[in-house]
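Residue numbers (the working numbering), protein chains in the order written: chain A, -6 to 227; chain B, 4 to 238.
Please note: incorrect hints may appear among the correct ones.
Some chain A residues near chain B, calculated using beta-carbon distances under 8 Å [said to hold, decoys possible]:
id : residue
1  : Leu73
2  : Leu129
3  : Thr150
4  : Leu176
Rough simulated footprint, nothing fancy, chain A against chain B, three-plus residues with beta-carbon under 8 Å [stated by the list, open to error]:
id : segment
5  : 46 to 60
6  : 83 to 89
7  : 144 to 157
8  : 167 to 173
9  : 199 to 207
10 : 214 to 221
If you want a taste of the chain B side facing chain A, the calculated C-beta under 8 Å gives, among others [as the list claims (entries may be wrong)]:
id : residue
11 : Ser17
12 : Val19
13 : Thr177
I should point out that these hints are in silico values taken from the structure, not numbers from a laboratory.
By construction, the Cβ of each residue, glycine as well, lies at the ideal position given by its N, Cα and C atoms.
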Amino acid sequence: MQDFVDAFQFIGEHTALLWRLTLDHLALSGAAIGIALALAIPVGVILGHAHRGSFAAINVSNIGRALPSLALISIGVAVLGIGFVNVMVALIVLAFPIVLTNAYVAVDGVDQDAVEAARGMGMTGREVLWKVELPLALPLIFAGIRTAVVYVIATATLASVAGAHSLGDVIVDQATYRLPGVLGAAICVAVLALLAELLFAALQRAVTPRALRLEERGAPLLGDLATNERTAST
Amino acid sequence: MAEPVIPDFGRGSSCVRENGTFCWDWVNAHWGDTLRPALVQHVMLTLIAVAVGFALAFALALLAHRRGWLTTPVVLVTGLLYTIPSLALFQLLVPFTGLSRMTAEVALVSYTLLILFRNTLAGLAGVPEEVRDAARGMGLTRRQLLWKVELPLALPAIVAGLRIATVTVISLATVAVFVVDQGLGAPIYAGLQQTFKTELIAAGALCVALALATDALLVLAQRALTPWTRVARSR
């Protein structure tokens, strides 16, 4: 327990350092997430809207999960060299499949009766997408974003071995910071990941239409199971 | 005139001496002393973590299946563990279990719990009520109902959970190198520290191959264990 007391003392004494690394950590994660979302959501939504490419869209996340983050970052280093951009590319590669699969499954799985009804009302394909499919798919798309955000924040910790700065700098440098420093930084990373999870859980709730929220109340905690199962069992 | 001094770069193929991006010779030469042992350790790390994690999660899921109020606290605690970044969790366990394999296993087990618990419970909850009624009508006891009806029907969901958990553990076990010098993380980390990258690329590729092969194996196992799902599909 003394180790943890020392760890909190370390946090108190090195607040400036930890704060700076937290900001680096967030900058790296934020850049990677932003680009991954910009690439993956349109592709997933369009494929889901057209109900095409389900094999690829679903299996890409299975393969993505199999990629060991440490290996991917390391291979990125081998091929691209060290630095911020290369770690960011590795993080994008890790986040992309999660977001893509969720976006695809979300739009593809929208109640076909609702889509039919919208068509019957004379909506064009684009209107169906924007006014029916996207609002209904939003909660599940957000579930994917939330998973990806937490995953990227966790993995950004490993960026330190590849020359980018993050809270991992302290964690992997026990020679300099000793065990209290390592534990202190580990606590910071854990808190950061938990805060991100809570923030995005709240956002996900906020974008869920009220009618769907009521429906979910039966099994709110088993929420993202549907995606897990679908990504896994195909 | 004196002979020019040619520096001796030691033995090894021209590819290794010239620091090529990927040298098959190196892989051949070091398969036995570096890559194979690391691969075997990695498989062991994974097997133990998934086996222990499954035993725990399965027991918890059976309990929660009978007593519904348990679901919320279990999901909250395992979800909390699941959210903590791996590198941080490995280090946070060091004061308790030291730089040991135990530390690696405890952390890896904690990452399997949420997935396995949630999938097992969802599988059990997904059994149609009519099937349960029919089984009860045939005079099955609660225990028989669970083992002969509910669990077989939940098997696809359980295996789906096992697939996610196993692949996740194979990937995360590379990070265990920061607390214990075992598994494929060791050659990956060694490769990071040097300019010669073959070791790193070979170990990373092995890790991905292991994950994909294990995933395929579990799919085959599920097909063999649930023949009825195939019949239903072929109709």
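How the hints compare with the structure:
1. Leu73: Where the cut-off is 8 Å and the nearest Cβ of chain B is about 11 Å from leucine 73 of chain A, the hint is violated.
2. Leu129: Check failed: Cβ of leucine 129 of chain A comes no nearer than 22 Å to chain B, outside 8 Å.
3. Thr150: Status holds, d = 5 Å.
4. Leu176: holds, 6 Å
5. 46 to 60: With 0 residues closer than 8 Å to chain A, the segment 46 to 60 of chain B misses the three-residue bar; violated.
6. 83 to 89: holds (count 5)
7. 144 to 157: violated (count 0)
8. 167 to 173: holds (count 4)
9. 199 to 207: Holds, because 5 residues of the segment 199 to 207 of chain B bring their Cβ atoms closer than 8 Å to Cβ atoms of chain A.
10. 214 to 221: holds (count 3)
11. Ser17: Because about 20 Å separates serine 17 of chain B from the closest Cβ in chain A, which is outside the 8 Å limit, the hint is violated.
12. Val19: Hint violated; valine 19 of chain B Cβ to chain A Cβ min 15 Å, cut 8 Å.
13. Thr177: holds, 4 Å
The structure fails to meet hints 1, 2, 5, 7, 11 and 12 from the earlier list, while all remaining hints are met.
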